[in-house]
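Q: Protein chains in written order, with our numbering: chain B, 1 to 188; chain X, 1 to 357.
Bear in mind the hints are in silico, worked out from the structure with no lab data behind them. One should not assume that every hint holds.
[Claimed, not checked] Going by beta-carbon spacing under 8 Å, a handful of chain X positions derived as facing chain B:
#, residue
1, 14
2, 16
3, 35
4, 36
5, 37
6, 44
7, 223
[As the list claims (entries may be wrong)] Some chain X residues well away from chain B (every beta-carbon gap over 12 Å; in silico):
#, residue
8, 262
9, 294
10, 338
Keep in mind it's a predicted model, so treat the numbers as computed, not measured. C-beta: ideal position from N, C-alpha, C; glycine also.
One-letter residues, chain by chain:
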Amino acid sequence: MQDPIHDLSALGDAELIALTPRDSRAFDELHRRHVQRVYHFLLIHTPTPEDAADLTQHVFLRAWESLRTYQDRGLPFRAWLIRVARNAAIDMYRRNQLLTWDHLSEDMYPIDIGGPEAESVRAEELNQLRIAMGRLSREKQELLALRFAAGLKAPEIAAIVGKSDYAVRKQLSRTLRELEGLYGASED
Amino acid sequence: MRAKTEEAVRQEYGDLFDEEAGPGRARVIRALDAGFRATPLPSSLNGFRPELPGTAAECRISLRPGRWTMAGPFAAVAAIVLIVAGSLAAGKSASVVDLGKPTNDVSSTGFPSLDSFHRIGTNLHVGTKPEVLFLGEFGAVSGTVDGERWAIIKALQQFGSLSRVAALQTGCDQRVAGYSLCTNPTFDLTRARYRSKYIAFADREIAILRTGGPWVKYAKLSGQAAVLYKRYAEIRNVPQRLKKIMEKGGPLAKLPMVVIGNYLAVQPHYIGQSDLQSSVPVTPNCGGCGGKSETVSFSTLHDALVHDRTIPEWPYAVIDINSEANVITALICHADGKKPTSVCTRPAIKQLLKLTK
Chain B
1 MQDPIHDLSA LGDAELIALT PRDSRAFDEL HRRHVQRVYH FLLIHTPTPE
51 DAADLTQHVF LRAWESLRTY QDRGLPFRAW LIRVARNAAI DMYRRNQLLT
101 WDHLSEDMYP IDIGGPEAES VRAEELNQLR IAMGRLSREK QELLALRFAA
151 GLKAPEIAAI VGKSDYAVRK QLSRTLRELE GLYGASED
Chain X
1 MRAKTEEAVR QEYGDLFDEE AGPGRARVIR ALDAGFRATP LPSSLNGFRP
51 ELPGTAAECR ISLRPGRWTM AGPFAAVAAI VLIVAGSLAA GKSASVVDLG
101 KPTNDVSSTG FPSLDSFHRI GTNLHVGTKP EVLFLGEFGA VSGTVDGERW
151 AIIKALQQFG SLSRVAALQT GCDQRVAGYS LCTNPTFDLT RARYRSKYIA
201 FADREIAILR TGGPWVKYAK LSGQAAVLYK RYAEIRNVPQ RLKKIMEKGG
251 PLAKLPMVVI GNYLAVQPHY IGQSDLQSSV PVTPNCGGCG GKSETVSFST
301 LHDALVHDRT IPEWPYAVID INSEANVITA LICHADGKKP TSVCTRPAIK
351 QLLKLTK
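Using the sequences and the accompanying hints, generate a full structural model.
A: This is how it looks when you write it as structure tokens:
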């Protein structure tokens with residue numbers, strides 16, 4: 001019997017995927033690495049953080065069950081995982097028609113009103129951005145979530161949304177430009 | 001999570017600083033980065049040990065908090081037990097929100113009106129469904145905010161079903177979202193789910209006054225809700241700079257704010273502080289010598305509504321909640337095209353619908 005590998009954190013995603021059928025700790029390590037990104041991505045698709053956590057568990061369960069079908073054809077594991085999450089979220093859209101920015105982050109909205117002035121100003125600024133984002137189309141909102149919450153780069157996003165790398169870059173840039181305008185306008 | 005420095009942002013998001021980038025790009029990216037990634041991971045997501053195959057594991061994910069380590073033949077049995085327990089819990093929630101049959105009360109004064117609700121330019125909806133939005137707060141021991149939740153629930157139950165609603169008893173040891181607070185008898189809707197063919201519902205509790213602590217901001221508003229809130233509602237202890245921005249939209253008003261389609265109210269139509277609280281003389285029959293304030297208990301009010309009974313010490317509580325529920329019901333009927341007919345053709349609703357514009 002082969003000795004178990006002790007330091008799984010030193011392995012790449014592909015090695016961990018190959019190891020998963022023999023060592024359950026391997027998927028645990030994959031989960032540890034990517035759970036936060038998946039959760040943050042799903043936060044905008046669910047009405048409460050608890051629902052996002054439930055859906056995240058569902059995504060990892062689905063990923064675990066489908067892992068043998070995963071092949072790295074230019075789409076890294078983390079992007080594949082986000083695609084699974086996006087599909088799960090789309091299923092949820094169909095059922096509930098949800099898209100929320102309420103959980104964009106605790107920091108995006110004031111936490112403690114009685115806090116120091118600096119904190120209030122920052123919270124106020126973040127709230128303005130939040131309002132500005134609420135004015136963007138659903139497609140643009142999701143693009144931002146894929147880039148900032150899921151941490152994907154343009155080529156990975158392109159593979160998920162079925163557009164060219166160039167088109168995604170262009171749309172991301174235009175969305176940020178639009179946000180700069182809205183953000184500024186909401187300050188006036 | 002603290003926002004990154006501009007240098008760190010440029011390093012991580014270098015691809016986003018292209019020729020179209022304006023002067024505010026770094027600031028926007030930094031805020032987006034901080035905003036999207038700041039929410040801490042819940043403890044239920046610490047670790048993944050899928051030892052259950054197939055269906056039982058699927059069942060598990062519908063229950064919270066997640067437990068990831070049930071194995072062997074006990075798993076299926078455990079899953080069934082958990083499902084039954086879940087159903088019972090759901091049943092318990094349903095009874096809390098059962099506030100009796102709708103009545104035909106339209107006013108304790110005998111003059112029905114919709115004067116507290118104003119038509120607004122915004123028409124709230126989710127998909128094709130009109131939306132009912134409730135903005136409230138906890139811990140102010142406000143008879144108006146706490147009382148309005150009773151009416152909202154009674155109205156909503158006629159168009160669908162609410163679940164995951166908890167009762168809050170009178171007292172200073174109640175808990176909402178992990179905070180201890182003082183309250184009148186009311187409901188915690190912060191985790192509520194609402195299913196309806198006709199309308200959508202959103203509950204946003206703007207702030208919580210903790211027992212022995214300062215206000216904390218709880219709800220995070222977005223989109224139209226945020227705009228309407230800024231324009232019509234007020235918030236406590238707002239720093240001056242933020243207040244100035246909020247005041248730009250118009251005069252400050254009060255919570256609860258209720259929006260039903262394109263109608264908005266910033267105070268209940270019928271429900272007042274005295275509905276749930278009354279001044280009880282310390283010495284009986286002492287006339288105007290003052291007394292202490294007493295609050296109706298949750299079970300007393302709940303029972304009275306279920307059986308449509310007047311509570312002697314709080315004589316307006318039931319009629320005002322029922323009247324308020326009818327106002328809300330009528331405005332929902334107005335928003336959703338008068339569906340379902342069984343609800344929207346009740347005499348009280350028809351009477352109120354005539355007052356809509």
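Q: Out of the numbered hints, which ones does the structure contradict?
A: 1
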